[in-house]
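J.: The residues making up each chain are set out below.
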Amino acid sequence: GAGVSQSPSNKVTEKGKDVELRCDPISGHTALYWYRQSLGQGLEFLIYFQGNSAPDKSGLPSDRFSAERTGGSVSTLTIQRTQQEDSAVYLCASSLFGGSLPYEQYFGPGTRLTVT
Amino acid sequence: DAKTTQPNSMESNEEEPVHLPCNHSTISGTDYIHWYRQLPSQGPEYVIHGLTSNVNNRMASLAIAEDRKSSTLILHRATLRDAAVYYCIRSGAGSYQLTFGKGTKLSVIP
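Chains as they are written, first to last, in the numbering used here: chain A, 1 to 116; chain B, 1001 to 1110.
Hints are computed from structural coordinates only; laboratory data are not their basis.
Here a beta-carbon is modelled for each residue, glycine too, at the ideal position from N, C-alpha and C.
Don't take every hint at face value.
[Stated by the list, open to error] Among chain A residues calculated to face chain B with C-beta under 7 Å, some are:
#	residue
1	42
2	43
3	45
4	91
5	100
6	101
7	102
8	104
9	107
10	108
11	110
[What the hints assert, rightly or not] Restricting the straight-line Cα-Cα distance to at most 27 Å, the calculated cross-link-like pairs of lysine-lysine (DSSO-like) are:
#	chain 1	residue 1	chain 2	residue 2
12	B	1069	B	1105
13	A	57	A	11
14	A	57	B	1102
15	A	57	B	1003
16	A	17	A	57
17	A	11	B	1102
18	A	57	A	15
19	B	1069	B	1102
20	B	1102	B	1003
[Said to hold, decoys possible] Which residues of chain A face chain B? A few of them, derived with a C-beta cut under 10 Å, are:
#	residue
21	3
22	4
23	33
24	41
25	44
26	52
27	56
28	65
29	92
30	98
31	99
32	105
With the rest of the complex left out, here is chain A:
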């Protein structure tokens, strides 16, 4: 079946511009996650959506970052007034269940964001 998809695959933007990154999770998955992976670094948690519960935004690095999930499906991560340090690969994942691990999180291919 279809996996997690993300668009665009690559995005180059000028410093100060806003960007929107999209994630289409696997159909029926209740939980959705955004992570960030900087060059040569590990994975950094950004935000978690689970069903109709309030999202956990504790990993968002600044108030320039926001995310929403509409209708319990598609999610958009928005970065306002981009900075060069925002350059990274942004990964979306979804899972059938949420809450306490363990369960498998399915990752999309990521969006590579470059801020010039």
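Position chain B against the provided structure of chain A, taking the given hints into account.
T.: Okay, now just chain B, sitting in the frame of chain A:
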């Protein structure tokens, strides 16, 4: 913040078994061990997870030390497609975040 320690890189010959070690000396009794891998230019992919007992699935085996301070991911027969960065992750009670370190870059030699 869950901490694990892995070697930066390892090499294996194709069709040979590979043992990827992970140290998690401060693990608590309810922490799970997860392994994910990331092929070049792709998102991470789940491999296996376990708590206390050794685990097997179609991709790999996970051997967990009796004191749970370390574990080993075993690929029984490495193929070129197994060349990837392998991440060992601990998750504590109530956690849903996967926190990856730098992992082990596995190279498979034909």
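J.: Hint by hint, say whether it matches the structure.
T.: Taking the hints in turn, this is what the structure says about them:
no.: 1; hint: 42; result: 4 Å, holds
no.: 2; hint: 43; result: 4 Å, holds
no.: 3; hint: 45; result: 4 Å, holds
no.: 4; hint: 91; result: 5 Å, holds
no.: 5; hint: 100; result: 5 Å, holds
no.: 6; hint: 101; result: 4 Å, holds
no.: 7; hint: 102; result: 5 Å, holds
no.: 8; hint: 104; result: 4 Å, holds
no.: 9; hint: 107; result: 3 Å, holds
no.: 10; hint: 108; result: 5 Å, holds
no.: 11; hint: 110; result: 5 Å, holds
no.: 12; hint: B/1069 - B/1105; result: 22 Å, holds
no.: 13; hint: A/57 - A/11; result: 23 Å, holds
no.: 14; hint: A/57 - B/1102; result: 24 Å, holds
no.: 15; hint: A/57 - B/1003; result: 22 Å, holds
no.: 16; hint: A/17 - A/57; result: 22 Å, holds
no.: 17; hint: A/11 - B/1102; result: 24 Å, holds
no.: 18; hint: A/57 - A/15; result: 24 Å, holds
no.: 19; hint: B/1069 - B/1102; result: 19 Å, holds
no.: 20; hint: B/1102 - B/1003; result: 11 Å, holds
no.: 21; hint: 3; result: 9 Å, holds
no.: 22; hint: 4; result: 7 Å, holds
no.: 23; hint: 33; result: 8 Å, holds
no.: 24; hint: 41; result: 7 Å, holds
no.: 25; hint: 44; result: 8 Å, holds
no.: 26; hint: 52; result: 16 Å, violated
no.: 27; hint: 56; result: 8 Å, holds
no.: 28; hint: 65; result: 16 Å, violated
no.: 29; hint: 92; result: 8 Å, holds
no.: 30; hint: 98; result: 6 Å, holds
no.: 31; hint: 99; result: 6 Å, holds
no.: 32; hint: 105; result: 6 Å, holds
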